[in-house]
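**Q** Once you have looked at the hints, place chain B on chain A.
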Amino acid sequence: DGGITQSPKYLFRKEGQNVTLSCEQNLNHDAMYWYRQDPGQGLRLIYYSQIVNDFQKGDIAEGYSVSREKKESFPLTVTSAQKNPTAFYLCASSMSIGVRPYEQYFGPGTRLTVT
Amino acid sequence: DQQVKQNSPSLSVQEGRISILNCDYTNSMFDYFLWYKKYPAEGPTFLISISSIKDKNEDGRFTVFLNKSAKHLSLHIVPSQPGDSAVYFCAASSGSARQLTFGSGTQLTVLP
Numbered sequence: 001d002g003g004i005t006q007s008p009k010y011l012f013r014k015e016g017q018n019v020t021l022s023c024e025q026n027l028n029h030d031a032m033y034w035y036r037q038d039p040g041q042g043l044r045l046i047y048y049s050q051i052v053n054d055f056q057k058g059d060i061a062e063g064y065s066v067s068r069e070k071k072e073s074f075p076l077t078v079t080s081a082q083k084n085p086t087a088f089y090l091c092a093s094s095m096s097i098g099v100r101p102y103e104q105y106f107g108p109g110t111r112l113t114v115t
Numbered sequence: 001d002q003q004v005k006q007n008s009p010s011l012s013v014q015e016g017r018i019s020i021l022n023c024d025y026t027n028s029m030f031d032y033f034l035w036y037k038k039y040p041a042e043g044p045t046f047l048i049s050i051s052s053i054k055d056k057n058e059d060g061r062f063t064v065f066l067n068k069s070a071k072h073l074s075l076h077i078v079p080s081q082p083g084d085s086a087v088y089f090c091a092a093s094s095g096s097a098r099q100l101t102f103g104s105g106t107q108l109t110v111l112p
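Chains A and B, in that order, give the protein sequences. Just so we're aligned, residue 1 is where the first sequence starts under our numbering, counting upward by one. Just so we're aligned, residue 1 is where the second sequence starts under our numbering, counting upward by one.
Quick caveat, the hints were computed from the structure, so don't treat them as lab data. Hints may contain errors.
As a list, the in silico DSS-like pairs of lysine-lysine whose alpha-carbon atoms are at most 25 angstroms apart [stated by the list, open to error]: (1) A:K57 / B:K5; (2) A:K9 / B:K37; (3) B:K54 / B:K5.
From chain B, some residues computed to sit far from chain A (all C-beta separations above 12 angstroms) [to be verified]: (4) V13; (5) L34; (6) K38; (7) A41; (8) D55; (9) N67; (10) A70; (11) G83; (12) A92.
Backbone N, C-alpha and C fix where the C-beta goes; we use that ideal spot for every residue, glycine too.
Excised from the complex, chain A in its bound form (with noise of 0.2 angstroms):
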């Protein structure tokens, strides 16, 4: 059963911690994406990866790293240096070729909450 999955669901921080977010997908697509969503706003593009290895930053990558070791996984890791921190996190990825090469798949999210 294909999909994107992503935990935890809910994760709760402290002021001050970095905090890694998980994102692995079985879909063999090549381009992975992470996107934060706040309320009332669209989804914004904080780092994409089009092949292991590289990534490039979004619209807001400030305060935020990630890694592209495989090609199943994307972590994105929420730094102390992120201003406002708490927001819903969504992981997505997509084919670099094919008939909906920008069609992207989403996972499920993840609710941090930073206090």
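**A** This is chain B only, laid out in the frame that chain A set:
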């Protein structure tokens, strides 16, 4: 600077009637447009898409219309069903990077 705008944060429609969700964009380089549906505390799911070389794409009850000269697209749902109640996001893409730029979403409520 919002490149993709959904100016209606919410829309209520009676069951069985048509729902029309609108989206405007400013970047003329966008060449592919998608609609996603999202339930609370879940990830968005792909609904329907359209390439800039077309002006209409239909899939069952869902039809997307693209007006390139007006930089406007719309999603029509006919007939609307209570299960369609969700937030609908419009997204646009350009270039080889395949990044998507999302609108802020429209909450559709279909009343029984």
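**Q** None of the hints should be skipped; say for each whether it holds.
**A** Hint check results:
Distance restraint check for K57 (chain A) and K5 (chain B): the Cα-Cα separation of roughly 22 angstroms lies within the 25 angstroms cut-off, and the hinted pair is therefore satisfied. Restraint check: the Cα-Cα separation between K9 (chain A) and K37 (chain B) comes to about 19 angstroms, which is no more than 25 angstroms; the hinted pair holds. The suggested pairing of K54 (chain B) with K5 (chain B) holds, with an alpha-carbon distance near 21 angstroms, which does not exceed 25 angstroms. Once the 12 angstroms rule is applied to beta carbons, V13 (chain B) is consistent with being away from chain A; the minimum gap is 21 angstroms.
Not every CB of chain A is more than 12 angstroms from the CB of L34 (chain B) (nearest about 7 angstroms), against its label as outside the interface. With a least beta-carbon separation of about 8 angstroms from chain A, K38 (chain B) fails to lie farther than 12 angstroms from that chain, contradicting its non-interface assignment. The beta carbon of A41 (chain B) is not kept farther than 12 angstroms from every beta carbon of chain A, the shortest such distance being approximately 7 angstroms. Non-interface status of D55 (chain B) relative to chain A is upheld: no Cβ of that chain comes within 12 angstroms, the nearest being about 18 angstroms off.
No beta-carbon of chain A comes within 12 angstroms of the beta-carbon of N67 (chain B); the shortest separation is about 20 angstroms. With a least CB separation of 21 angstroms from chain A, A70 (chain B) remains clear of the 12 angstroms interface cut-off, as annotated. Non-interface status of G83 (chain B) relative to chain A is upheld: no Cβ of that chain comes within 12 angstroms, the nearest being about 19 angstroms off. Not every CB of chain A is more than 12 angstroms from the CB of A92 (chain B) (nearest about 9 angstroms), against its label as outside the interface.
The structure does not agree with the numbered hints 5, 6, 7 and 12 stated previously, though it agrees with the rest.
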